[in-house]
Amino acid sequence: MNTPTLPPLLASNPRLDRWVGFPAPGRVTVSTGRVEIGQGVLTAMLQIAAEELDVAPEHILLQTGDTDLTPNEGYTAGSQSIQFGGVALRMACAEVRALFLDHAAASHGYSRPELAVRDGAITHRGEATGHDYWSLASAVDLRRDATGRPPTKSVHDYSVVGRNAPRVDLAAKVFGGQAFIHDMVLDGMVHARVVRQPRRGAVIASVDEAALHRAAKGPIEIVRHGDFLAILGADETVVEAVAAVAPNHVAWDGVDPINPFQEEARWLLQQPSIDRTIGPPPPSEPTPGTTRLATTYTRMHIAHASVAPSCGLAQYRGGRLTVWTHSQGVYPLRDALARTLKLDPAAISVKHVQGPGCYGHNGADDAAADAAVIAFHRPGTPVKVRWRREEEFGFEPVSPAMVVTAQAAVDAAGSPVDWTTEIWSGRHSSRPGGGGNLLAAEALPDPPPHPPAVEGGYPPGAGTRNAEPLYDFPAKRIVHHLIAETPVRTSSLRGLGATLNVFAIESFMDELAERAGRDPVACRLSVLSDARARAVVEHVARISGWQAGLPSGTGHGRGIAFARYKNMAAYAAVVAEVAVDESVRLVRVWCAADAGLVINPDGAINQLEGGIIHGASWALKEGVRLDTGGISSRDWESYPVLRFSEVPEVTVELVDPMTDRPCLGVGEAAGGPTVAAIGNAVAHALGARLRDLPLTRERVMAALLRA
Amino acid sequence: MQSTPLIVNGNAVTVTADADTPLLDILRNHLGLMGTKFGCGQEQCGCCMVLVDGRPEKSCGKALSTVAGKVITTIEGLGTQDRPHPLQQAFLDEQAGQCGYCLSGILISAKALLDRNPAPSRAEIAEALDDNICRCGSHVRILRAVEHAARLLREGGAR
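Chains A and B are the protein sequences, given in the same order. Read in order, the letters of the first sequence correspond to residues 1 to 707 in the working numbering. Read in order, the letters of the second sequence correspond to residues 1001 to 1159 in the working numbering.
Quick caveat, the hints were computed from the structure, so don't treat them as lab data. Just to be clear, a hint being listed does not mean it is correct.
SDA-like cross-link-like pairs, simulated, lysine to any residue; straight-line CA separation at most 20 Å [as the list claims (entries may be wrong)]:
#, chain 1, residue 1, chain 2, residue 2
1, A, K217, B, A1017
2, A, K217, B, N1029
3, A, K621, B, A1126
Label pairs and their calculated CB-CB ranges [what the hints assert, rightly or not]:
#, chain 1, residue 1, chain 2, residue 2, range
4, B, A1123, A, G549, 31 to 37 Å
5, B, D1082, A, R144, 42 to 48 Å
6, B, D1082, A, D660, 40 to 46 Å
7, B, V1071, A, A11, 58 to 64 Å
8, B, G1010, A, E653, 43 to 49 Å
9, A, A346, B, G1069, 52 to 58 Å
10, B, P1118, A, M658, 37 to 43 Å
11, B, E1043, A, D275, 43 to 49 Å
12, B, P1118, A, A338, 53 to 59 Å
13, B, V1071, A, A244, 28 to 34 Å
14, A, R118, B, A1063, 55 to 61 Å
Note that the coordinates shown come from a computational prediction; the quantities given were computed from them, not determined experimentally. Virtual Cβ for every residue (Gly too), placed ideally from N, Cα, C.
Isolated chain A, as found in the complex (with noise of 0.2 Å):
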């Protein structure tokens, strides 16, 4: 008999007990290691498990995010939750409901094929037998390994996945009720802000505490631990107060200035790199009768810029320190926790409670390392830390600025046949379990020392994360510059290098499309053979009522992009209509996703519209601003993002999403289509490109007077 292949998530946490539980008559409790960050990985998951398990969805309490009480996996990014974790949940409930079903066979004299469960009870030829999961627990031992043999079901018989669900969350946010780490209060808790290392490896010279205690209008404490400086104190008001003119009373030694030009991003192609080619190495001399051909593209710095600071909450009690997070990565962030404090990992829980939309590592393990720190010097006492707007903005991890150089071999019909992606880019991951990087470590005695930077491996890569184009070229190749050296802290950010590889890629081609005189559709599907790419192209090509030929430089265009996120999730296409005068208004966007089966097609929709909104932020608005003294845009006049009035008419369409083929990751997929659309359409209305992000005003009228 042949042993089938566990998914990777299913492998690494075999005990079906770490999955599923039955511990009251009426009640389920299923256990995911994803964590809700607003993309409606809840909803996703209980219907994956109502539908194994046939337990009405109400019935069943989901655990998520506990090092106590979940599977360890990793972290929750890059578009795998359903992908990866999904599929290991499903088969983890799949195998639970047919142990049951083998168990009631086997010990009650049932023919096992006629056996199924009806919302918790089992049936045999569509009769209640009298059991149920429950009242059979005590005798299906699921302290046991999973095997992966019993078949998960076939989606001619989903009642529940493929179906619109109602997100499980969302009533809470709506009726003000508490939904957040914000929103928690512990008894005797204390609250703290940190006044915060300027730069990393600044030393505190003087701390003028008298100042600090003159500006408290109640009881205030000032902790320090080497250069982490806190204030803490009962009352928020009194504690946020004092931090708010804190900086001004602490001097420090050792801040060194960076240099402000490097705001934006072709600084980089100066810089010492650690270098990296993937694929065949680019040709010794030049193919006869071809012409190369090569433009560059940049984009600054990018903030998270969530809409509220990151929040932690730890308590240190009877040698056990339980810290409560918003961070994507409990288990990391608990390892990064045992090494900062030199406890057990083992002593250390860490829980997971929702925060605002992160879309990748900013300031929430930062947040919660400092209150740790402080609770861990404070035995019995809850600590809370909530981050300032202008800390959140000046101290979290931000993403990369990047310089793309998209070149090509064209042969005598303008079509490529040798493409390069060439990548200048600091370090797109720095999250805290590789290797520290949490601010209040760094700022403790004894520091870790500076995570070195890498590059991950490709696929799914990291800066080069979609940099290879999915189109039919007979040779393609990366060439990576991963810059160790970056004047702010850089991380994950949704998409990573995707969003401006996919720009670059797909702004040559509309440029390689014009000098061709071909129309951007057509051009692309004569040079895309992936069926399913083909489709989604097409799909939103009719849904949009794309015209080919349609003049350029009247102030009105279109745009159209495509990508198949990390060359291995979900594909997307998308359609960008805008206004061009002076700046640039958006005005529809149109997308055709295909992300193979869809569990819950709303929340599927939900995220790839988001993604569509958020990527034309970055295309039209975002970009992080640098003084000498680090980041400079610290609010949301200094770093400005898309409004309400400023939202175009959005359209998505998702193509065949009750299928067999497996779920591919969403969350991500619209991003990078999205501003390349963007980019696309805006070169249309003005009859000139723009190369560098974001497409601000100054930009647009710069080329006008070029052109």
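Since the structure of chain A is provided, determine the placement of chain B on it from the hints.
The following block gives chain B in isolation, referenced to the frame of chain A:
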């Protein structure tokens, strides 16, 4: 410290706090009304929006002394799960939200709009919500939900 009377969601309350205390802190930390959110503390994002005598105001920048005796409405005063306000019903119907952190402020801004304009255009709704930041990109659903709520209200769901 001083005693300040307020009417919060229809209830007369007296809070004892420093006159400079932001209304947001009064609501969350003194009255335990956690539905109103901290977003920026700089009156730039709208997460902390409440109605003060019917007008939408950012509570993070409103000192307690400036709202003495005034009528405050927070998200908790809009409706309940059993008796949802048409706006709350519409946001659930349209699944208008992702992380949801911005929603209570947006619902309050929308309430103020519909109170003064029962049939707003899409552009008028967008303009009324321009002081509210949403970062998940739920804008299109939110705009649709406010239109839907306006319809519900006009059809007799007013309360």
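Results of checking the hints against the structure:
1. A:K217 / B:A1017: Distance of about 11 Å is within 20 Å: holds.
2. A:K217 / B:N1029: Holds. K217 (chain A) to N1029 (chain B) sits at ~16 Å (cutoff 20 Å).
3. A:K621 / B:A1126: Holds, at roughly 18 Å.
4. B:A1123 / A:G549: 31 to 37 Å: Holds, at about 32 Å.
5. B:D1082 / A:R144: 42 to 48 Å: Holds: the Cβ-Cβ distance is about 44 Å, inside 42 to 48 Å.
6. B:D1082 / A:D660: 40 to 46 Å: holds (42 Å)
7. B:V1071 / A:A11: 58 to 64 Å: holds (60 Å)
8. B:G1010 / A:E653: 43 to 49 Å: Taking Cβ atoms as reference, G1010 (chain B) and E653 (chain A) lie about 45 Å apart, which means the hint holds.
9. A:A346 / B:G1069: 52 to 58 Å: holds (56 Å)
10. B:P1118 / A:M658: 37 to 43 Å: holds (40 Å)
11. B:E1043 / A:D275: 43 to 49 Å: Taking Cβ atoms as reference, E1043 (chain B) and D275 (chain A) lie about 48 Å apart, which means the hint holds.
12. B:P1118 / A:A338: 53 to 59 Å: The hint (53 to 59 Å, Cβ to Cβ) holds, given that P1118 (chain B) and A338 (chain A) are roughly 58 Å apart.
13. B:V1071 / A:A244: 28 to 34 Å: The hint (28 to 34 Å, Cβ to Cβ) holds, given that V1071 (chain B) and A244 (chain A) are roughly 30 Å apart.
14. A:R118 / B:A1063: 55 to 61 Å: Roughly 60 Å apart at Cβ, these two residues keep to the hinted range, so it holds.
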